[in-house]
Amino acid sequence: MSVRSYLSRLGYFQAHRMLKRWLSHPLGHFYSPVGDVDALAAERARLWPADATSPGIDFEPAAQAQLLRDVFPALLAGFDYPAQTHVDDHRYSLHNSQFGEADARALFALLRHWQPRRLVEVGSGYSTLLAADVNRRFLGGALRITAIEPYPRAFLHDLEGLHALRVERVQDTPASVFAELESGDMLFIDSSHVLKTGSDLVHLLTRVLPTLASGVCIHVHDVFLPDDYPPHWVIDENRSWNEQYALQAMLAGNPRYRVLYGTQYALTRLAPDAAVAFGALAGQPYVGGSFWIEVR
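Numbering follows this note's numbering, in which position 151 of the sequence shown is assigned residue number 142; successive positions increment by one, without gaps.
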């Protein structure tokens, strides 16, 4: 039962007392990080325009198009994952709700293309199954994968191709884990997506990313730049995530980072180039949210 439904069953004054106890400001208030879905729906045309842009960010369209045309098609040979599988099989499957086919195709190809020595994952699950499989089948087990996950799925334990599983919050991970990342290595972030006091995202943006060495490749998941979050997430599901906005502000006019690849951008702005590697997914919005940048 949602908070709204629960409160609707209470008397007005009891509900008011509970809200004051739980929140300093009501949901949707201009001081609250939780959006007012009715107000957002009324501004749908402004918030989700057909020609959205992100001022100050160079999406490197020529470089992304080259990846789509010249790199991905050849390296996607061997991308043979089933639509569904039992998680006990320790094998990635396409029809999962966390890391879908479009993002999986990009990770599969980029791991084979860049061949990093180290991969640190913050937030682990189906992407870990995929990375571990690529490590076993195509990288000879040479990729050292460290997964940081406070609530690991059972399939992450004893996963062949995964070097270490750290069952902890990233806030508690020693800085030395990230200091080991060198040029060409990867930091894969799939966080809580929420910027608030003490959150994993605040720690990553303020304590981890500024310390990374030049040449480290960073992945952030559920980022749809230059578009906003999917409207059905925001309006229908009332997800008040704000990670993408912090990332957008960090990248705008910032010479420290370079955009490498974005699933939403590639499939919607470079659809003809994406067609060979992504087939029917090319041209479809909001079918993937991987966003890759590099520390200069």
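Some hints could be false.
FRET-style restraints, in silico, Cβ to Cβ [stated by the list, open to error]:
#1 L14 <-> G69: 47 to 55 angstroms
#2 P52 <-> A155: 34 to 42 angstroms
#3 G69 <-> G175: 20 to 28 angstroms
#4 G206 <-> A166: 16 to 24 angstroms
Worth flagging that the hints you see were computed from the coordinates, not collected in a lab. Even glycine gets a Cβ: it sits at the ideal position worked out from N, Cα and C.
Tested hints:
1. L14 <-> G69: 47 to 55 angstroms: 50 angstroms Cβ-Cβ, so the 47 to 55 angstroms window holds.
2. P52 <-> A155: 34 to 42 angstroms: The hint (34 to 42 angstroms, Cβ to Cβ) holds, given that P52 and A155 are roughly 37 angstroms apart.
3. G69 <-> G175: 20 to 28 angstroms: About 22 angstroms separates the Cβ atoms of G69 and G175, which means 20 to 28 angstroms holds.
4. G206 <-> A166: 16 to 24 angstroms: 19 angstroms, holds
Hint compliance for this structure: no hint is broken.
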